[in-house]
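Engineer: Chains as they are written, first to last, in our numbering: chain A, 4 to 290; chain B, 927 to 1081; chain C, -6 to 790.
Keep in mind that the hints were calculated from the coordinates and are not lab data. Because the structure is a prediction, the values reported are computed rather than measured. Where a beta carbon is used, it is the ideal one built from N, C-alpha and C, also for glycine. Please note that the accuracy of each hint is not assured.
[Said to hold, decoys possible] One-sided excerpt, in silico: chain A residues whose CB lies under 7 angstroms from chain B:
id	residue
1	N27
2	K31
3	G36
4	I40
5	L45
6	A48
7	P123
8	N135
9	V156
10	M159
11	D255
12	V257
13	D262
14	L263
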Amino acid sequence: MISAPFDYVRANTLDEALALLAQNEDAKILAGGHSLIPAMKLRLAMPPLLVDIGRIKDLSYIREDHGQIQIGAMTTHYQIESSDLLKKICPLLPECAGHIGDVQVRNKGTIGGSVAHSDPSGDWPAAIIALNAELVAVSKNGERLVKADDFFVDLMTTALEAGEILREIRINKSNDRTGQAYAKMHHPASGFAVVGVAANLTLDRNGGCEKASIGITGVSSKAYRALAVESALTGSALDEQKIANAAAHAADGVDINGDLFASEDYRRHLAQVFTKRAIAAATERAG
Amino acid sequence: MKIEGTQELHAPRDRVYSALTNPGILQRCIPGCEALEKIGENLFAAMLKAGVGAIKGTFKGEVRLEDMRPPEHYRIVVEGKGGVGFAKGSADFDLEENDGATLIKYSGELQIGGTIAGVGQRMIQGAAKMMASRFFAALEAEVQRTTAIGEADLV
Amino acid sequence: MAAKYVGKRIKRTEDPRLIKGLAHYVDDVRLPDTLHVAFVRSIYAHARITSIDVTEALKAPGVVAVYTGKDIATTVGPVPCAAALPDLKIPDYRVLATGKALFVGHPIAAVVATDRYLARDAADLISVDYEELPVAVDVEASAKGGPVIHEQFGSNIAYTLTSGEGDIEAALKSADHIVTQRMVHQRLAPVAMEGRGVLARYFPGEEELTLWSSTQIPHLMRTQVALMIGLPENKLRVITPEVGGGFGSKLNVYAEEALLAWISIQLGKPVKWIESRRENMQATIHGRAQVGTVEVGCKNDGTITGLRYNVVADLGAYHQLLTPAIPTLTGLMLSGAYRIPAIQMNVTGVFTNKMSTDAYRGAGRPEATYVVERAMDIVAAELKIDPVEVRRKNFPAKTEFPFHTATGLDYDSGDYEAALDKALNLSGYAKLRAEQAKARAAGKLIGIGMSSYVEICALGPSQAMPAGGWESATVRIEPTGTVTVLTGASPHGQGQETSFAQIAADELGVDLNAVTVIHGDTAIVQYGIGTFGSRATAVGGTAVLIAIQKLKEKAAKIAAHVLRCEASSLAFEGGRYSRPSAAAASAVSEPDVAVGEAPAGALPEPDTEGRSTLTIQEIALIAHIAKELPPDTEPGLSATYFFEPKNFTFPFGTHICVVEIDKETGETKFLRYVAVDDCGKVINPLLVDGQIHGGIVQAIGQALYEEVVYDEQGQLVTGELMDYALPKASQMPWFELDRTETPSPVNPLGVKGVGEAGTIGATPAVVNAIVDALSPYGVKHLDMPARPEAVWKLITG
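With the rest of the complex left out, here is chain A (with noise of 0.2 angstroms):
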């Protein structure tokens, strides 16, 4: 488990950091590295040049602007799990850290990183649809925001372009009706969501169902907004047969992708499954 021979930069500022990608085209971001180090070690990947951002300062924050929810790109995932702020204004977040990997992997992990490298299991991107967050793109040119729905490409393809660097991930605050919920099953061995749904609703004042955003993981090659499930959600008041009946649209139009652990059959249950559950959960909270 030895890589291949790389050059190693840690950067001091993120101009430092972008000159040297638009030097170096083959050059990766070391961002916490919980997945780019075991694919070096296997020689999956080979980059000449690792940029480390870790030191880089300011990136690493969690704040609130103008109802404008703001997390740095190199925030690891157990500063998004324990954050009191989050806990409040957006417990999705902090859920959905929680079921990222083990301690370890979220001491180190950020969600940059993860969201930046798009796993087709990973966490965060189901979330980051979710929650309609917008994305904060940086080059040499200067900056620009990628909506959710437009940042996953494909498999472990984002809308960064070559010299990109994910800066930020902005989240507009929802109000007291919201209910929001992450229901995941985990790889027995990798804890790679074999399939995770994270529901972020909001209920009108009559208890009915006012908006409804869900984004769904491992399913397929890349997190997807199951447009299906939010528009047989919208408009009415969700019980049991509902919920049931909107997430049985879980995986409509998805290319679906079968491994040794979950054929595709299987996970269409599973999606159909677990949004259920996001779903009730998060209507329970938005209750």
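Keeping the supplied structure of chain A fixed, place chains B and C upon it in accordance with the hints.
Structural biologist: Same frame as chain A, but now just chains B and C:
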């Protein structure tokens, strides 16, 4: 692992067939294919830099075209080997006319070995699908281009 | 023996160094000028190697040498197989592939470089051309035909064997019912926390070689490696430093061990190889991998009349040390905890293009226990009687021991009903069944499973073993009074530095801290057999005990001489010999020669004038100074004993497991886990609990999670812990443990062994619970691992 699917290309069948058997076009369509040189009758040496995200591997190998029945059928056999292991596969392509367009039905087997087989289990299906979709997207662009500029400019 | 320590929950003396990171494993042994080896391994399951080009690798920075099959074909002997079976086909297993590669991970070339990074980089520069060959992967298909792996044998069948006693045909004919079930014992990877590692250092001047290896069998390895590389055995020293687990996977002699030794001789320098996890998954032995069908005949009242098990065993491509012998242990244990008048096993050992199988925690016995305990539940279901009653009906009574089985064994001692009853009480079985009925009515899938197991331990006598069924001990009291125990056992996590010290401290009446247990160095320790098959305490611990008894005979002679009385009249109490008159009064009146109190640089001359008592530690000093010895007495105070038991020991117990199945997902959740184990006399309850805990965890791993999967091309697709699902602490239930204690008559300690009991007993309990939970759906059996999808499919039909 089985790979199968259908893909509609917006070009006449003989055009699609000739694109599918044209080494220059194939090289441009196969994701990561850096070289495809003819080394025999329907036999090509290939160099492939394939991968998704941070995971990348270089493969050297051969591409062989078999069982050619223009414009309706052929089989492509690919074998490659590299530091991360090997991949080999074959796929039968059946082309059907479909109202001026062409429906490609493909059905094949993909086998991988070495490191990628032992660690990529949960990703392989997704990676294969992604390669296929990129291939067909590029092929569509190629047949559109060649339809526009004519057969002579192939390669 | 005054039991000051034996039987007490004493914390392991090994643990502080392990917890503080101060222990030394092979990789922690750093020698100057060490060269490092990286292997090129086959990426094909079956292929002819048409060429190997090492030119580029040889030019790479730091590379000292590259070796391939042709370099070792005539210079290093084959990887040994110690199993002796009639007409066994033994392929020539060279330390590097010669001609053909037969499994993914088969070593093809070894690169030696000045550091391990350069070695690994250079390995990528070696170009191997293969001609792929058809593969034999499925064990049942490979038994019938298909591609032949070893052409010289004409088929993939390595051996066939029939075992058992009684007229099985008649027994089945006399039955009212015959139940038949096919069962798969999936292939498992042992995955010791520390992988294998080898450091070889040749001293060209002395023509001696020292081999550090992470092994369970230092002495057997010395013998075998010496033979493989043609070095006189007494010029080879094997040192086993700290070993981070083995589970049987290090009860072996591997290609890498002999190859590294040979390379060190070639280059005259130390060479090291530390296994990566990926190599560990590919090229360290696997376990289980049997597919069989059991037939059990029973009367209407549940009495078992006979059992037949037809099984194919997936051996892998080659034999490692014990590969073909493992299924024979299954045959031995097919009577389980029951009186079964006729038993037959027909086993076919089959070569496949995979890594060899061999001993993995339980080694053949978990398979037998699983077959028998699943069969008991299937019989109970067939007859619609409680699984408890079927078991009770067929137990031999405790008065029937030694109990002869139709597998040819004589169980030493047992009280199976007592363990069963204790487990039933502890679990509240009747109440559990009532709760289950209620839960079922409410639509919940609750299952209760049990397993009443017997296992075979304390491997000896020698007649029953490939190479020596004994264990050795030397006990020495040093001049300063510290006690050194040299054991031929080779603990690698079992805690015998503690438990053997407990035995010695009690028997000698000294402080536990005065005892040091040394193991795992063939230059220090007399020949030994090693640690496997739950044998170390029953056989090696007994050797320690008897060696001490021998030592005390001599100590008593010296004491009698110094105290001027008859040896037979001396009393020994609290580590002190006393003259008859002094025995009662004086024990506390005279100072001990306590450990560490001797002035630096000088041995205190004991003043024996007028003494009426002497501590055994004072006697040790007298024995070494040797001025006051009785005539014809050797100086020094040590004794050695090689203990060979006359029979195996047979631990037993009952495990009860309660699970709930998630109807929607098929996931299994534990509600209770109760285990009552009887491993004979207990030296240290804490260690016994630890062994039971770990054993159950690995059993649950097999029942629910683990499976080594090769695809149809023989590619290992569970090559990392990302896909190979080891059990995790967070997935485990709380273990409710208790014991019964039935001493073994086989050894004077009365101990039986406990290293594998949990693994053997727990697997069927878990699967029985799952099947019980699914019984409303008409489910009679499911194969392991009980992955959620498989369970879900049974629920949804």
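Engineer: For every hint, state whether the structure bears it out.
Structural biologist: Outcome of the hint check:
no., hint, in the structure
1, N27, "violated, 14 angstroms"
2, K31, "holds, 6 angstroms"
3, G36, "violated, 11 angstroms"
4, I40, "violated, 10 angstroms"
5, L45, "holds, 6 angstroms"
6, A48, "holds, 4 angstroms"
7, P123, "holds, 6 angstroms"
8, N135, "violated, 24 angstroms"
9, V156, "violated, 10 angstroms"
10, M159, "holds, 3 angstroms"
11, D255, "violated, 18 angstroms"
12, V257, "violated, 12 angstroms"
13, D262, "holds, 4 angstroms"
14, L263, "holds, 6 angstroms"
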